[in-house]
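Chains as they are written, first to last, in numbering that gives the first Met the number 0: chain R, 0 to 801; chain Y, 0 to 179.
Take the hints with a grain of salt, since some may be wrong.
What the hints assert, rightly or not - On the chain Y side, residues computed to face chain R include the following (Cβ under 10 angstroms):
no., residue
1, 98
2, 101
3, 128
If you are wondering where the hints come from, they were derived from the structure by calculation, not from laboratory data. Just so you know, even glycine gets a beta-carbon here, dropped at the ideal spot from N, CA and C.
Listed below, chain by chain, are the residues.
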Amino acid sequence: MNTNDNISFDHDKIEIIFPFYFVFDKSLKIISSGKSLNKIFPNIINSNFEDSFFFKRPFSISYTIPSISEYTNQIIILASKNNPEIILRGQLLNLENEKMIFIGSPWLTSPEDLSKLNLNIPDFAIHDVTTDMLQLVKNKEIMSKDILSLVESLKEQKTELKISEDELKFSNNRFSVLIQNMQSGILLESAERKVILTNKIFCEFFLIPALPEQLIGYDCMKAARDSKTLFTNSDDFINRIDEILTEKKLVLNEELKMMDGSFLERDFVPIFSENQYHGHLWIYRNITDRKKNELELINATEQAILAKKIKEKFLANMSHELRNPINIITGVTGLIFDTDLSEKQNEYLGIIKTASENLLALVNDILDFEKIQAKKIKFHNVPFDLRKCINEVYLSMKFIAANKNISLTVAIDDFLPTHYVSGDSLRLKQILFNLINNAIKFTERGTVKLSVSLVETSGKQKRIKFDVQDTGIGISKEDLKTIFDRYIQIINPLHNLPKGSGLGLTIVKNLVELQNGAIEVKSIINEGSTFSVTIPYQIIEHSNTKQTEIKIESFDLSGKNILIVEDDKINQMIITKILEKYGATSETADNGKIALEKLNSKRFHIILLDIQMPIMDGYTTAEQIRKSKKENHSTIPIIAITANILSGEKEKCMEAGMNDYLSKPFIELDLIKKVNELSNRSTYEETNLVDLTYLNSITAGDGNFQKKLIEEFLFQTPLIIEEIKYQLKAEDWNQLGKAAHKLKGSISFIGTPLFIKTASEIEIFCQKRLNLNLIPDMLKNLDINCQRVYKELERELKKIEL
Amino acid sequence: MYGIVNKAIQVLLTENYGLESWEEIKKRSGVSVDAILSNEPYPDRTTFDLAIATSEYLKIDLKDVLISFGEYWVIKTGQESYRSLMKAGGDNLKEFLINLPNFHSRLMLIYPNLTPPEFKISNIENAALYVHYFSIRNGLHYFMFGLLQGLGKLYKKPTEISIIESKSDGADHDVFCVKW
Chain R
0 MNTNDNISFD
10 HDKIEIIFPF
20 YFVFDKSLKI
30 ISSGKSLNKI
40 FPNIINSNFE
50 DSFFFKRPFS
60 ISYTIPSISE
70 YTNQIIILAS
80 KNNPEIILRG
90 QLLNLENEKM
100 IFIGSPWLTS
110 PEDLSKLNLN
120 IPDFAIHDVT
130 TDMLQLVKNK
140 EIMSKDILSL
150 VESLKEQKTE
160 LKISEDELKF
170 SNNRFSVLIQ
180 NMQSGILLES
190 AERKVILTNK
200 IFCEFFLIPA
210 LPEQLIGYDC
220 MKAARDSKTL
230 FTNSDDFINR
240 IDEILTEKKL
250 VLNEELKMMD
260 GSFLERDFVP
270 IFSENQYHGH
280 LWIYRNITDR
290 KKNELELINA
300 TEQAILAKKI
310 KEKFLANMSH
320 ELRNPINIIT
330 GVTGLIFDTD
340 LSEKQNEYLG
350 IIKTASENLL
360 ALVNDILDFE
370 KIQAKKIKFH
380 NVPFDLRKCI
390 NEVYLSMKFI
400 AANKNISLTV
410 AIDDFLPTHY
420 VSGDSLRLKQ
430 ILFNLINNAI
440 KFTERGTVKL
450 SVSLVETSGK
460 QKRIKFDVQD
470 TGIGISKEDL
480 KTIFDRYIQI
490 INPLHNLPKG
500 SGLGLTIVKN
510 LVELQNGAIE
520 VKSIINEGST
530 FSVTIPYQII
540 EHSNTKQTEI
550 KIESFDLSGK
560 NILIVEDDKI
570 NQMIITKILE
580 KYGATSETAD
590 NGKIALEKLN
600 SKRFHIILLD
610 IQMPIMDGYT
620 TAEQIRKSKK
630 ENHSTIPIIA
640 ITANILSGEK
650 EKCMEAGMND
660 YLSKPFIELD
670 LIKKVNELSN
680 RSTYEETNLV
690 DLTYLNSITA
700 GDGNFQKKLI
710 EEFLFQTPLI
720 IEEIKYQLKA
730 EDWNQLGKAA
740 HKLKGSISFI
750 GTPLFIKTAS
760 EIEIFCQKRL
770 NLNLIPDMLK
780 NLDINCQRVY
790 KELERELKKI
800 EL
Chain Y
0 MYGIVNKAIQ
10 VLLTENYGLE
20 SWEEIKKRSG
30 VSVDAILSNE
40 PYPDRTTFDL
50 AIATSEYLKI
60 DLKDVLISFG
70 EYWVIKTGQE
80 SYRSLMKAGG
90 DNLKEFLINL
100 PNFHSRLMLI
110 YPNLTPPEFK
120 ISNIENAALY
130 VHYFSIRNGL
140 HYFMFGLLQG
150 LGKLYKKPTE
160 ISIIESKSDG
170 ADHDVFCVKW
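Based on the provided sequences and hints, a complete structural model is requested.
Below you can see the structure in the form of structure tokens.
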């Protein structure tokens, strides 16, 4: 290299550092080239520069040496004339003898270009950075791939998120649609009491002039305060919400009354998830129509109850009004019969007696029927002598039969129990009277036969059959179908006119069936009918009932002074006369007030007390007597005499402190029996408060067992009473209620409903904190009565021990 | 080590043993990156930890794991990503191996944070040569073994590779004899 413009040339060395070089002379003929260039241009030697290449840049160059020489300080970009994609990048230098050399290398834009040109990395000079550039290009590609891959991955994640979002949106949408379409007002609140979701109906209920979606995020606390005036009790509305939100417990069907008279019903649903409180849901329903219907129903029920009460009251009054005159008629008739009478008078009087008895039967039928209808009829379950009961029926009916020249016979099965049975003897008599009476009524000739037989035994229970057979006119098949229907009367061709209420057989059927019995009828026209009744009775093996048997002959009331409290003068007279017949003396009082005055000044052995009286009625009178601190007032026997025989009357009388009960019109014998029984006792305590029927039944008559139970009662009860007193003093109503409950259980088996009721009332009052001021008096009565119960039970114990 | 190697490991394990195995191996190795970027430099320890975790999880010798990684890199990933450049490395295995020292020196220029191993080729014969492998890291010579094996397969030359000298035996570098 001698000058700056001319470079000396050594092919071998040049080729190592510029493997893509080529040299051309002044005629532009290529005279030398590098080995790597030869790979791309295999025939380049001796070719003309202009035939092989063109200047891509500078494109303004002329293809002459002087012109080209001007560009030695510029980048030269040559393209192959045969394949313009092959580009060489480099520079030109002047050599000696007007030759020029190109040094550079192929311009590659991607590593793939290498293979296109059939080149390898070693074809490039070590200093050449072309392949490094290709590596960088490659790296860029890889990086791009990485980025694309990450973008794809992000896209996938985004798609997944979108799907989740869509699902969530769909789910939310469904939920929202559901809420919007619900017929209830819905308000979903966050734990912070912000509206999450609500619906149109809610807005309507609360008169909110906005769309449900506009309320989202709204402060519910403020909204509640704004809405409170819609409710009749606005403060309660707010306070209750606070209370519910504090408790965070499910609330259902809470009623709210609105100022406009409508009603809303509200539910509160707290929303917990994994022990975390997330908010709550209010559901409001308009229940105005339902409420209206309910109120109408309540009113209708109240009206019905009222109507029923009025009817019962009417019946009670009518019963009283009807029975009183009948009582007078039968009483006075009885008294007249005791006087000297002509045959004619006797006959007329007999007619009056029969007519009054028929009238009484009619009244009784109607009242019994009412009781059955009202399901108020009660059956006693007390031991009675079945044979004696049948005999009484026979004795009562035989004269009626005899009057018609009909023979009444009774046939009792030998297998029938000789002992007492437990059941309701009065109802049995009523059934038999009714059937026999009917049989006599429809029989002109022949016999009426009562047959009693044992049909079935099951343990201690026996089913006893009563057949009432007549030789009367019989009943047609048609009539048999309706014979037990109410108000149906079979025309009696013998009399051609129906008699009675038409309720007799209906009552009989009901009385039988209510005692788990059965009734059937068989009949042949002109041959006769048979009514068969079967009733189950409990057999009593050992009964002390016989001890109460009293012979009529032994009644002697001489020395007994009796107070008759009765507003009806005729009744006063009848009772006075009857008592006189048995040697008793008596005084009368027109009402309870007068009776109390008389009791304060005189001593009586017994009080006969009417219930319906002016100024002071029988219940109040009895209560006043029992409350009185006068000697023997708490113990003097009181017998209620009332024309009101509706169910529950007896219990009411006993509750008021009376000892027994007699319904008007009464049979003379019944009155005397009761008076005799009670007045013969020295004190009121001797009246049986205790009914051991239940005890008998649960102990199956086992004396030892009864003894143990009674002893236990006598030990336990005073302790319970003491506890009640103690708790009353301490005013610990809970404990007092519990003690009363214990007492109730203890006394239940001695059959004293009044005490059980009192104990129950004390228990309820304590539980509900009601009438607490009444408890001391109730307890006092209970205590006094318990003392009597103890004495009675001690007597019972002695009897058992004997 | 640049990410592209670790990425090759990821692809190898995912394709052969499933995504769950890769996640489990990654978890065991303690490598906490979510996505490996090819051109990011990663500590050499990362590659080695991945190899150890793979060995434990798949119950394969660490040596075999590293050889597999090396071979896979050349045949699969290298081919996919650098096919043209690798092809341009030489017309045949011998040329490629002779060019290997320059190739790696160039890599250092392109990847400024990478310290690629250095190579020297000696004992060049018609069908054999020695590859001298100088690495500042230890334990990856089996990876190199796998790479050489892979190159043999790439150039379709049944190749026999033996370790002439080894750093683990006290030599200052590893020497592989490659015969084809």
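Consistency of the hints with the structure:
1. Among the interface hints, the one on residue 98 (chain Y) holds; its C-beta lies about 5 angstroms from the nearest C-beta in chain R, closer than the 10 angstroms criterion.
2. With a least beta-carbon distance of about 6 angstroms to chain R, the hint placing residue 101 (chain Y) at the interface is held under the 10 angstroms criterion.
3. Hint on residue 128 (chain Y) is violated. Least Cβ distance to chain R is approximately 15 angstroms, over the 10 angstroms limit.
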